[in-house]
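J.: Input sequences plus hints: build the corresponding full structure.
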Amino acid sequence: MVLFLQKFLKINATFAFYLSRVFLLSFSFALAKVCFSFRRLI
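Using my numbering, the first residue of the sequence shown is number 24, and each one after it goes up by one.
Hints may be right or wrong, so weigh each one.
As the list claims (entries may be wrong) - Okay, the calculated beta carbon distance ranges per label pair:
| id | residue 1 | residue 2 | range |
| --- | --- | --- | --- |
| 1 | PHE61 | VAL25 | 49 to 57 Å |
| 2 | ARG63 | LEU42 | 27 to 35 Å |
| 3 | VAL25 | SER60 | 47 to 55 Å |
| 4 | ARG62 | LYS30 | 46 to 54 Å |
| 5 | LEU26 | LEU48 | 30 to 38 Å |
Since the hints were made in silico from the structure, they are not lab data. Cβ atoms here follow ideal geometry from the backbone N, Cα and C, with glycine treated the same way.
T.: So, in structure tokens, the structure goes:
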């Protein structure tokens, strides 16, 4: 049981890590898009 929990937590940690990375990537991409369109406006 403890081993299973440890395994699940490990998988969960890696999943959260990947999720945060993807979120950061998409956030920076959206920010760049907004900056680009703003620059085109000026």
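J.: Run every hint past the structure and note whether it holds.
T.: Hint-by-hint comparison with the structure:
1. PHE61 to VAL25: 49 to 57 Å: Distance hint for PHE61, VAL25 holds at roughly 53 Å.
2. ARG63 to LEU42: 27 to 35 Å: Since the Cβ atoms of ARG63 and LEU42 sit about 32 Å apart, the hinted range of 27 to 35 Å holds.
3. VAL25 to SER60: 47 to 55 Å: 52 Å, holds
4. ARG62 to LYS30: 46 to 54 Å: Roughly 48 Å apart at Cβ, these two residues keep to the hinted range, so it holds.
5. LEU26 to LEU48: 30 to 38 Å: Roughly 33 Å apart at Cβ, these two residues keep to the hinted range, so it holds.
Checked against the numbered hints given earlier, this structure breaks none of them.
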